[in-house]
Amino acid sequence: NAGVTQTPKFQVLKTGQSMTLQCAQDMNHEYMSWYRQDPGMGLRLIHYSVGAGITDQGEVPNGYNVSRSTTEDFPLRLLSAAPSQTSVYFCASRSPRGFHPTDTQYFGPGTRLTVL
Amino acid sequence: GESVGLHLPTLSVQEGDNSIINCAYSNSASDYFIWYKQESGKGPQFIIDIRSNMDKRQGQRVTVLLNKTVKHLSLQIAATQPGDSAVYFCAENGGSNYKLTFGKGTLLTVNP
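Protein chains in written order, with our numbering: chain A, 1 to 116; chain B, 117 to 228.
I should point out that these hints are in silico values taken from the structure, not numbers from a laboratory. We put the beta carbon where it would ideally sit given N, CA and C, even for glycine. Check the hints yourself; a few may be wrong.
Computed cross-link-like contacts, DSBU-like style, restricted to lysine-lysine with a CA-CA straight-line distance of at most 30 Å [claimed, not checked]: (1) B:158 with A:14; (2) B:184 with B:172; (3) A:9 with B:215; (4) B:215 with B:158; (5) B:172 with B:187; (6) B:172 with B:158; (7) A:9 with B:187.
Taking beta-carbon pairs under 7 Å as the criterion, some of the chain B residues facing chain A (in silico) [stated by the list, open to error]: (8) 162; (9) 164; (10) 221.
Using the sequences provided together with the hints, build the complete structure.
What follows is the structure in C-alpha cells.
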C-alpha cells in the first residue's frame, strides 16, 4: 500500500490564481480530511468527508472547496489564492468513520504552498 | 505544555532520560485524545490514544495519562532516544466522531 499520497509537494501561486491539491489513499478508508498547518501552530481542519459524495466543513473552510466522487480521492481546491493561504497542507484518512482506540488516522507527506 | 503564539514550547532532554510532554485541553465534551509525533518535513504520525473512560494507557516506551478533572493530558516517553526528537501534538475530538482539534505542539530535542 502507498498509504496517503499528496501532490504536488511544493507549489508557488500568485494571488488570485486557482489550483487543486491532490490527495489519494489506497486503504479503502471512508473518512478523509484536509488540514492546514501554520508556523508555531497545530493543524486546523479545513474540510472532511465521511464517504463518497459526502463532505462537510471543518474549522477553517473559507476559501477552499472539496468534493469526494470516489473513495480514493479527496482533492482540495483553492478558487482564488490569497497570501493568507500560504501554509503546509496535510491530507489524512482513516477507517471506520468514528474514532476508535484501535483506529489510526494516517497523514500524507504534505504540500507546501506559497501564495505571493 | 501548549501555548499560544508563534514559538513552540520546547523540552530538551538527555538521551536515556524520561520525557514528559504536557497538554491542556479545553473542551469538556472531548472523550477521545491522541498524541501525534511530527518530524521535520513529514506528516504527523500516530503515537498513542486514549478514551475518557481511562486515565492511563501504555504503549511501547510511551504512556499517556489523562486527568479529566483538570483537563490535562500528558505523554511520557521512557528512555528517550535521538530518534524521538520531533514536535509532539495532542489532539481532542470535542465529542465528535469526525473532527479533531490539535494543540500547538511541543518541540522535543534529545541530546546525545
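Here's how the hints hold up against the structure:
1. Proposed proximity of residue 158 of chain B and residue 14 of chain A is supported: the alpha carbons are some 25 Å apart, at most 30 Å.
2. A threshold of 30 Å between alpha carbons decides the hint, and for residue 184 of chain B with residue 172 of chain B the separation of about 11 Å falls inside it, so the pair holds.
3. The hinted pair formed by residue 9 of chain A and residue 215 of chain B meets the criterion: a straight-line CA distance of about 25 Å does not exceed 30 Å.
4. A threshold of 30 Å between alpha carbons decides the hint, and for residue 215 of chain B with residue 158 of chain B the separation of about 21 Å falls inside it, so the pair holds.
5. Our distance criterion of 30 Å between C-alpha atoms is met by residue 172 of chain B and residue 187 of chain B, whose separation comes to about 14 Å.
6. At most 30 Å may separate the alpha-carbon atoms for a hinted pair to count; residue 172 of chain B and residue 158 of chain B meet this at roughly 28 Å.
7. Under the criterion of a C-alpha separation no larger than 30 Å, the hint pairing residue 9 of chain A with residue 187 of chain B is inconsistent with the structure, at around 37 Å.
8. A hinted interface residue such as residue 162 of chain B counts as satisfied when its beta carbon comes closer than 7 Å to some beta carbon of chain A; here the least separation is about 5 Å, so the hint holds.
9. This hint is violated: residue 164 of chain B has a C-beta 10 Å from the nearest C-beta of chain A, more than the 7 Å allowed.
10. Hint on residue 221 of chain B holds. Least Cβ distance to chain A is approximately 6 Å, under the 7 Å limit.
Consistency with the previously given hints fails for numbers 7, 9, ordered from lowest to highest.
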